[in-house]
Amino acid sequence: MPHALNHRDTETQRKNRFSVLSVSPWLKRIALWVLPLAFLAVFFFFPLSRILAFTLSPEAITAKNLPITASALLFTFYQAFLSTLLTLLLGFPSAVLFARFDFRGKSLLRALTAVPFMLPTVVVAAAFNSLLGQRGLLNTLITNYQLPTFTPSPFTLILLAHVFYNTTIVIRIAGTALSSLDPQLEQTARSLGADSLRVWTNVTLPLLRPSLLAASLLVFLFDFTSFGVILLLGGSQFATLEVEIYLQAVKFLNLPLAALLSTLQLLCTLIFSTLYSYLVTRNSYPLAPRSTQHPPRTFQQKLFVSTFCLLLSAFFLAPLASLPARSLFRLEADRGQRAQIQYGFTADYYTELFINRRGSIFYVPPIRAAFNSLAYASATVILSLLLGFPAAFALAKPTRLEKILDPLIMLPLGSSAVMLGLGFIITYGKWLTSPLLVPFAHTLVALPFVIRTLQPAIASIPDHLRQAASSLGASPLEVWKHIDLPILRRAALTAATFSFTVSLGEFGATLLIARPEYPTIPVAIERFLSQPGGLNYGQAMAMATLLMLITTASILLIEKFRPPSAGDF
Amino acid sequence: MLELHHIFKTYEGKPLLTDISFTVNAGETLCLLGASGSGKSTLLRMIAGLETPDSGSILFNGMDLASTPPHLRDFGLVFQDYSLFPHLNVNENVAFGLKMRRLPPQEITERAARSLKLVNLQGFERRRVTDLSGGEQQRVALARALAIRPRLLLFDEPLGALDKKLKDGLLEELRTILHRTQIPAIYVTHDQEEAFAIADRILILHEGHILRKGTPAEVWANPQSVYAAEFLGVGKVFDGVVMDGQNGNWKVSSEFGIFALDCGHEHSRGEKVHLLARPPKVQDEANVISSMVTDVIFQHDRYKVTFDNGLFVYLDEPPKIGEQFAARVRVECLS
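Just so you know, the protein sequences line up as chains W and P, in that order. Sequential numbering from 1386 applies to the first sequence in the working numbering. Sequential numbering from 149 applies to the second sequence in the working numbering.
Just so you know, the hints here were simulated from the structure itself, not pulled from any lab data. C-beta atoms are modelled at their ideal positions from N, C-alpha and C, and glycine is treated no differently. Check the hints yourself; a few may be wrong.
[Stated by the list, open to error] Derived BS3-like pairs: lysine-lysine, alpha-carbon spacing no greater than 27 angstroms straight-line:
id : chain 1 : residue 1 : chain 2 : residue 2
1  : W       : Lys1687   : P       : Lys162
2  : P       : Lys399    : P       : Lys420
3  : P       : Lys420    : P       : Lys361
4  : W       : Lys1687   : P       : Lys157
5  : P       : Lys247    : P       : Lys265
[What the hints assert, rightly or not] Label pairs and their computed distance ranges (CB to CB):
id : chain 1 : residue 1 : chain 2 : residue 2 : range
6  : W       : Ser1691   : P       : Met211    : 55 to 61 angstroms
7  : W       : Ser1856   : P       : Gly271    : 28 to 34 angstroms
8  : P       : Thr216    : W       : Leu1655   : 53 to 59 angstroms
9  : P       : Lys468    : W       : Ile1846   : 50 to 56 angstroms
10 : W       : Leu1655   : P       : Asp316    : 55 to 61 angstroms
11 : P       : Thr216    : W       : Gln1678   : 38 to 44 angstroms
12 : W       : Gln1678   : P       : Asp316    : 34 to 40 angstroms
13 : W       : Ser1538   : P       : Pro217    : 42 to 48 angstroms
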């Protein structure tokens, strides 16, 4: 009994010791929010307000600007619509393939279709260029063997790259819906007299419609805001809203028009994303998940499965393989000997990256771009975790305040990268000489991902876990060390890798604000690709290959550490 | 009407159904009774055409169904979890099969209404199926299956998801409907009470074999196997050894004493037999086994009294728990 009393004493002492440190919960909330909100206010909301102010200025809406705006808007819708249609055409049968059938190598093929989604736009653009572009593998080989020429137009390349990027969205959303469709519904329909076709049209498709619509809308949204792919594969004659913002801001210095286009773009994406959330929350049927996968049985099923396996492997492997291949393969007319095409393996494109040539397009050896990228990415990781942790902690236990702040925090995700860059130019133009702005821009892009990764992990730690630990004698500090930290370590690592990858691949904002003497890898690839000459092209391929390797390694890391509770985006 | 001949089916190399043959006659309700994994659902799905047997044939009115796809069989199918189409309302669900048959709209409306009336769901036409209770949903599923005027109704544990009271009510309605429409039916369940309540004939499946078939009364009176007796809960099964005797009059010893049995089986001295001790009918000649009372359950007009050795009997005046009690039971030979 005296022993128990003694214990009680130390317990109260401990409590007293820490009650000194405890502050009012409101103050705590505010302390958590100060840094993230200040950051967003300075680097997002203030620039955004400046863009809006420019939009409303008389120089924005002029007789000269309006036709440009209208044609950009029209073309953006046109290409996004076509891309979405093609993506559905490949994606829906693929979703059926993965949701309904079991076959060897299925998980590998599925993973392969998901790879492009995480790749930087410049890598995808470079990959398609290396395969089908004017200086690509296929075209050079055809010319060499004097075969009938086959050169897909730049527009075709853009559409293909969009399909390459977004097919995985359709596979995931429609495939999940399809595989969670109770097979007994279709069986009942059959017993009621519906043949296979009418089961599809009367039961399966109506039940899939909400998820197909949601997937289409999301794909459309991504195609609508696509920038890197269009600029790199198409060039400035394919002026979507994004490309036009870039051109007006950087090439023609018509900031009011750029602002007008940005506002229009933001408005469109907001409408689409609202529509998407509405669709996702509203039109869902309660479905009973049940395994419906089986090996292909009939001849038609076998034909379907093998055809689509081949098609998907070819479509997704070819660009990914041709990029590194082209970076190691010389396929060019030698200097002065136009007729003779030299070919063979070479490491020249890689060694050239380390040489600072006079008259080259940089003032530094191109490999400096890789160091810049790594430095920017490291800074972005530190900055985004520093801001993301307090915000995620506050959002993990939401009060009314957090319900208001949550959509605000996620807003940068809805605005395009080019627009973020434009905001920086308009607002902080005089500091553009400093390389410091780049990590801030990257942090803006990465922050929503970081928060969305950390938040569920923090929320998943039940309070009674901490209470149990303290009842067993752990001090608050020990609770943090032994409970919170081990559980959050994986999530933090995932978030860090996410933000690292985002920064490495970021193209839109960086292209607008990066100084010529501080290029990043994506910016360097863009410059190499926009120059003539086999050496420049080869260096673009080499750099894109490097970026692809680093990003792939990061994706593998994320997949390894990603806590199962972390949400999708 | 429906005939199954020597059906065999294996699943992942293991035999699932072995040599199943039976018939369902006009207007008859046949109950497939068995534990989970006995193959009863697979058998039903084969009859519906959703799965194919490895060998054997299924005939309806003398016609082999092997080449008839499910949608042309005209068999109504009712699942445990209703499988109502969530994107259609009550009336659209019921009319689905009629629409598939491309009937004129007038007739679709009439027949759907009649079907809904049959299951007492008038006025529910425009309701969303997701807003209905479990019992209402199952009525819609039944109305939907009835609307196509099926040649045969197939039920796969249709009341498994409902609570006891609702189950009893629906069971009664179902019996009435089946009787009135005279549609032959196959009813799959693992619940022997349900089976006894609805079936004209019962078929007990165990590990892919038909263990026993007969009317409920026949099966109850003579379960014929240890598994069936235990599964149905007819009484306590125990072992005995034949000591002596001749046809019609055997002396068998067991842990509960020596019994004189009058069964139709051939036995030899020293043979091991399975015995069943069950509550006797009033006119039965009874044996007496003395053991300790472990449980007394009140059941309406009598008490079910269970003993420490697994015996149970029904009594009007219950003994106390813990008491030693000499119970009158009837001992039978199962094999």
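Indices of hints not satisfied (ascending)
6, 7, 11
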